[in-house]
Amino acid sequence: MAKYLLLKHYRGAPAAVNDVPMDQWTPDEITAHIQYMRDFATRLEGTGEFVDGQALAPEGTFVRYDGEGRPPVTDGPFAETKDLIAGWMVIDVDSYERAVELAGELSAAPGKGGEPIHEWLELRPFYAELPTVTE
Amino acid sequence: MTEVLPEALVRSLTPGVLGILVRRGADFAAAEDAVQDALVEALRVWPDDPPRDPKGWLVTVAWRRFLDATRAEAARRRREDVVEPAPADVPDQDDTLQLYFLCAHPSLSPSAAVALTLRAVGGLTTRQIAQAYLVPEATMAQRISRAKRVVGGVRFDQPGDVGTVLRVLYLVFNEGYSGDVDLAAEAIRLARRLVAVIDHPEVAGLLALMLLHHARRAARVTARGALVPLAQQDRGLWDVEAIAEGVEVLQRALSRDRLGEFQAQAAIAALHADALVAEETDWVQIVEWYDELVSLTDSPVVRLNRAVAVGEADGARAGLAALAGLDESLPRFAAVAAHLHEKGGEVEVAARLYAEAAVKATNLAEVDHLTRQAARLRAGGS
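For the protein sequence lines, the chains are A and B, in the order given.
Under this note's numbering, the first sequence has 121 at position 121, and the numbering climbs by one with no breaks.
Under this note's numbering, the second sequence has 364 at position 364, and the numbering climbs by one with no breaks.
Just so you know, the hints here were simulated from the structure itself, not pulled from any lab data.
Hints may be right or wrong, so weigh each one.
The list that follows gives simulated cross-link-like pairs (lysine to any residue, SDA-like), each with its CA atoms no further than 20 Å apart [stated by the list, open to error]: (1) A:3 / B:365; (2) B:55 / A:106; (3) A:3 / B:127; (4) B:360 / A:88; (5) B:360 / B:315; (6) A:3 / A:59; (7) A:3 / A:106; (8) B:360 / A:106.
Partial list, derived from the structure: chain B residues whose beta carbon lies under 8 Å from chain A [to be verified]: (9) 101; (10) 109; (11) 110; (12) 131; (13) 136; (14) 139; (15) 180; (16) 181; (17) 184; (18) 213; (19) 223; (20) 227; (21) 296; (22) 363; (23) 365; (24) 366.
A virtual CB, placed ideally from N, CA and C, is assigned to each residue, including glycine.
Chain A extracted, bound-state conformation (with noise of 0.2 Å):
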């Protein structure tokens, strides 16, 4: 029983194998990835193992604390900025090996020919309640 979270990046993955933009996919090829996705969301909920998912609008802002009594400053968005997230998933599982395992069926996703993506996944551990037990 741990959660994890699976990162899905519009920049800073390694590149992946089936790596054609979307945009230069057909009509068809994109409902089939949308299909898939969605349909691995709806198995984690059957399975008992989905939290949460949320894809990010890639043009994102940055902000930060100017001084007392000054509006916050914001800026970009930044074409240079190297990791740039495209959406996540978070997945409550029994093990590691399972969260590897799911993850590896998300980046299975069909992209362009209908082949799948092998897109680079992040799996980023939560942080856990503390144990009862510690010593």
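Fit chain B to the known structure of chain A by using the hints.
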């Protein structure tokens, strides 16, 4: 129905009712539906006509509902009525025990067994379990219904393995506290009930272990959520009643002379509880119990904890020697090594190891604690 019927009453009765239906041959999911129907009926009838024997009432109504549902299903499938007549009731103890075995059945994954145990034996709602484990209610509902399907075909023709039940309860206990449901307290409640229905020293050992650790809860974290190590805990905050009960339960278990892992762990916890100040801790005896645990489990995690005890009993050098040969990728290896090096006066090594341990820790309270340890040593404090 729990809004109107007293929740404590409902939670204490439903597992037994469910157990009787399953024992009579109802499959798990159908039995639970029938019990839920009976509770709805109770909600309607009891306010004006309270039963003398609430549990007997629930069994009768739930069994009738189960038969009705099964007959309807059978008719729908145009088959003959296959429901067997209800066998005579067996003692309630066995029903409760069988329900524990069923919910911890080896065919279930740990998370499924935990969820089903809390639902069917603990009587918690799906929503409460979902909140406790920080997952959506729909996800938890699916986890539970899958678990029910998995054990649906299990029949009680073989004795269950109490070890699997103990592992499930320990998992519940160790999850600690998040949300409205106190899982540690719930695990203790379930262990107490198990002790009442099965005579087994390891069951008592687990209950003792839980009581002794639970007793220290108020002292384990500060008001701001910071972890307080055992040696620095305010022992005045320990729950002396829970400790007394834990020690008594443990002594009775140990007198049976069938030592097991949980009894040995409880014995270590009892020795800690026995020291009014940390300096009075009987580390020599604790090391002896760790030796017992090593011979019982041969677990590298136990050897790691043993190294801490050896460090206290025989000094830092002995502790580090006990650490040698253990796999450095073990959880908390770096934290233990840091502690022993600090004890041996190697401040710089200890600071580096604390920082390394912080990166590897798996919960935020330990991350913060270990980071503070590294910072303390680097700032030249003690």
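Hints versus structure:
no. : hint          : verdict
1   : A:3 / B:365   : 17 Å, holds
2   : B:55 / A:106  : 49 Å, violated
3   : A:3 / B:127   : 18 Å, holds
4   : B:360 / A:88  : 23 Å, violated
5   : B:360 / B:315 : 26 Å, violated
6   : A:3 / A:59    : 28 Å, violated
7   : A:3 / A:106   : 16 Å, holds
8   : B:360 / A:106 : 27 Å, violated
9   : 101           : 20 Å, violated
10  : 109           : 5 Å, holds
11  : 110           : 6 Å, holds
12  : 131           : 13 Å, violated
13  : 136           : 7 Å, holds
14  : 139           : 5 Å, holds
15  : 180           : 14 Å, violated
16  : 181           : 13 Å, violated
17  : 184           : 5 Å, holds
18  : 213           : 5 Å, holds
19  : 223           : 15 Å, violated
20  : 227           : 7 Å, holds
21  : 296           : 17 Å, violated
22  : 363           : 5 Å, holds
23  : 365           : 4 Å, holds
24  : 366           : 7 Å, holds
Of the numbered hints listed earlier, those contradicted by the structure are 2, 4, 5, 6, 8, 9, 12, 15, 16, 19, 21.
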